[in-house]
Amino acid sequence: MSSSLHLESVRLAYDTPRGPHTVVDDFSLALAAGDIACLFGPSGCGKTTVLRAIAGFEPVRAGSIRLGDALLSSSQIHLPPEQRRVGMMFQEYALFPHLSAARNVAFGLRRLPRAAQRERVAEMLALVGLADAAERYPHELSGGQQQRIALARALAPSPALLLLDEPFSNLDGGTRERLTAQVRDILKQAGQTAILVTHNEAEAQAMADRIGVMHGGRVTHWQGTAVA
Amino acid sequence: MNIGGRYGGLQAAGPAWRCASFLIALGVLAPVLTLAWLAFGSGVGHWGPLFAHVLPQAALNTALLLAGVGTLVLLIGTGCAWLVTAHDFPGRGVLHWALLLPLAMPTYIVAFAYLDLLHPIGPVQGAIRWMLGFDSPRQFRLPDLRSMPGAIFVLGFVLYPYVYMTARAMFMTQPAHLMEAARMLGESRRGAFFRVALPLARPALAVGLSLALLETLNDIGASEFLGVNTLTVAVYTTWITRSDLAGAAQIACAMLFMVVALVWLERSGRRHQRFGSAQRMRAVQPRRLRGGAAWAATAAAALPVLIGFVAPALYLVWESAKRLRQGGGISQGLLASLGNTLALAAGVTVAAVAAGLVVAWAARTQGSGINRARWQARVATLGYAVPGTVLAIGLLTPALAFDAALATAFGWQGLPLMAAGVVLVVACTIRFLAMPVGGIEAGLSRIPPAIEQASRLLGETTGGTLRRVHLPLLRPALAAGALLVFVDAMKELPATLLLRPANFDTLATWLYAEAARGTYEEGAIAALAIVLAGLLPVVLLARNQLGTPAATFSPDTP
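Heads up: the protein sequence lines correspond to chains C and X, in order.
According to the numbering used here, the first sequence is numbered sequentially starting from 645.
According to the numbering used here, the second sequence is numbered sequentially starting from 10.
Calculated directly from the structure, the hints in this document are not laboratory data.
Since the structure is predicted, the reported quantities are computational estimates derived from the model, not experimental observations.
Quick reminder that beta carbons are idealized off the backbone N, C-alpha and C, glycines included.
Fair warning: there could be bad hints in the mix.
[What the hints assert, rightly or not] To be clear about the criterion: a stretch of chain C counts as covered by chain X if any three or more of its residues have a C-beta under 8 Å from a C-beta of chain X, and this derived list gives those stretches:
1) 698-704
2) 744-758
[Unchecked claim] Derived DEER-like restraints, expressed as beta-carbon distance ranges:
3) K331(X) x R754(C): 57 to 63 Å
4) H865(C) x L84(X): 53 to 59 Å
5) R762(C) x N553(X): 46 to 52 Å
6) A309(X) x G860(C): 39 to 45 Å
7) A305(X) x S802(C): 36 to 42 Å
8) R251(X) x R754(C): 55 to 61 Å
9) G301(X) x R762(C): 40 to 46 Å
10) E779(C) x W273(X): 23 to 29 Å
11) R754(C) x V133(X): 42 to 48 Å
12) R754(C) x A305(X): 26 to 32 Å
13) G301(X) x E845(C): 48 to 54 Å
14) E779(C) x A305(X): 40 to 46 Å
15) A305(X) x P661(C): 25 to 31 Å
[Stated by the list, open to error] Calculated from the model, a selection of chain X residues having no Cβ within reach of chain C, i.e. all distances over 10 Å:
16) G88
17) V103
18) V269
19) L415
Model the full assembly from the supplied sequences, consistent with the hints where possible.
Structure (structure tokens):
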């Protein structure tokens, strides 16, 4: 289900009135299926831009992004986000405020028959331990609950790759520690390839198999952690 | 001293303020209460003939018109708002505010212009015939504009900005990550719009739609010129042609039910508008369109502006220039109507801003608790929803009774208040009071209570504080409110038609009379003057509401 991910010499830039402004240059990364990597670094180092490029929200100026056998991005090719089989958990969770928790989770399952949808939603809600919150709306959920619904929603369509953008930054300390371990367990259980972006070192250590320390648009060094 | 209210620590307004505020609220309610009394008090037997002959057809016409205009304004308003918010194409920078321009066009002026523009022997049909190689209207003509579809077309293309405005404000504040989340879950751009952006904007659309439909209900000129016998037209003819006040009141009552339904739609929309905008987040970035798609987008967004504003405005300029070139200049009658219009608008502005200040001030200085003055402020601002004809019919009875009492008490002749135009000023004040009250309340809420407390501690009274502290700080709000009221009073037609003194014409009634007679003489000049004045508040609106947030460039948004 999960796939390996390869980024080769990727360059990312923003258009400005004075021409393109390069944010990330010569960025390479290889991730085996089922691995969890973390991009770690201060604000403005380009880590979120890399994530958005993998998701398909930023064009690639040079280099390529491959997921398994599929070419997602190069300077010529840009697969739209909805065709990439990539899931994402947003920093602000981005739960749809007009839909209940269950319907948020079901959002990406439209191509499945009704019965299969219901089954998958129940399975996902059980996985994140929120089976009883199915009919509640996002504003009726606590921060930690919202975060887990966002995870269930991202995992429901079985993406080949999951992106997590500062997933714990809106939570208080205690909840954060508990959820970090829980989320890692859930991802490992599902054999999910994932990339996490954070500026919190403890979070990076607790979640990832490998940590790429970023600075000025490049990974300065990789550290594997003992938790593999 | 009232401590712990919304503006904790402010002293309540004196009894004089509260009494004045109460009287203003009562004045706004008076026409509605009168209508109920007239319609139901005159015996149920009276309803018979009206129910059989006038009401069903007029109510059906009104319902069809509302449904058609509603559909059209939703399509144009929502479509253009999304086009301009989520896409970048040539001319977007101009079109995003130009789409508001039809607000400067009163419905009766657009109808007036299009009747001539689209006349079988007018310029548009002539050009089409020339291109197709026909030479007589008998061989080829477009469907007649004087019809229900024609009225829907004309009203839809000038009233869509109400939906455009609310939809655009909503789309601009919708966080981009919701749309991105939908894309990550396998939705195309189109799918994300229909499954996320549109459902989230539904409350805003309801607000815009109800405002556009209230305008449709208020309209008298366009429906009458285009031969659509709506309830508004029926009220007018029942009173003016048949002098049947009770009958007119009954039709007006039927309209009030529609008004209540629309106001309910608007209020429920506003209540649900809290979605999403709690946190300040990155908004949707426009996507650059290229090639044919870009020009198609430009054409699609420009079409409503062309139909709703540019074409009729050019027509008015052209006709006015032609008239002025032909010599004769401007007639005495038109000059007199211009003077009347300005005098009426000035009177209404002074009255509405003063009343608005009283109501907003009384509401502000009440603390928590029952809060009667805040409730009064809500009542006082209901007038915007009451169609002009309904308001006029409701005001006639109390005004006539009051006039008769004055006449006997002082031995005056005739109807002193009606003849002096006081009743007309009152009616317009009631109808436009919501604008200054809203503006002044917003202005007052931005003045911290500490400023007022400081003034009181320095020995100033409540009234003195208002004069020396709040009024200077409120000047922008007062000026904006005054401008809006002034221009709306200049454009007002339905209430003016019913309540104006004998031989008193405004620019709007002048135009109405010409269009009703079918003589297109100086009407275009009158219309042009109204449209030029109407542009002022649109400029104000474009600057306030649609000021594009400064493009924030951030290489990384962690």
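A quick look at each hint next to the structure:
1. 698-704: holds (count 3)
2. 744-758: It holds, with 4 qualifying residues against the three required.
3. K331(X) x R754(C): 57 to 63 Å: For K331(X) and R754(C) the Cβ distance comes to about 60 Å; the hint holds.
4. H865(C) x L84(X): 53 to 59 Å: Check passed, 57 Å falls within 53 to 59 Å.
5. R762(C) x N553(X): 46 to 52 Å: At roughly 48 Å between Cβ atoms, N553(X) and R762(C) fall inside 46 to 52 Å, so the hint holds.
6. A309(X) x G860(C): 39 to 45 Å: holds, 44 Å
7. A305(X) x S802(C): 36 to 42 Å: holds, 38 Å
8. R251(X) x R754(C): 55 to 61 Å: Cβ of R251(X) to Cβ of R754(C): about 60 Å, so the range 55 to 61 Å holds.
9. G301(X) x R762(C): 40 to 46 Å: holds, 43 Å
10. E779(C) x W273(X): 23 to 29 Å: Given a distance of about 27 Å, which is inside 23 to 29 Å, the answer is holds.
11. R754(C) x V133(X): 42 to 48 Å: holds, 46 Å
12. R754(C) x A305(X): 26 to 32 Å: holds, 28 Å
13. G301(X) x E845(C): 48 to 54 Å: About 51 Å separates the Cβ atoms of G301(X) and E845(C), which means 48 to 54 Å holds.
14. E779(C) x A305(X): 40 to 46 Å: holds, 43 Å
15. A305(X) x P661(C): 25 to 31 Å: holds, 26 Å
16. G88: The claim stands: G88(X) keeps its Cβ more than 10 Å from every Cβ of chain C (closest is about 21 Å).
17. V103: holds, 19 Å
18. V269: holds, 27 Å
19. L415: holds, 57 Å
Going through the hint list in order, the structure satisfies each hint without exception.
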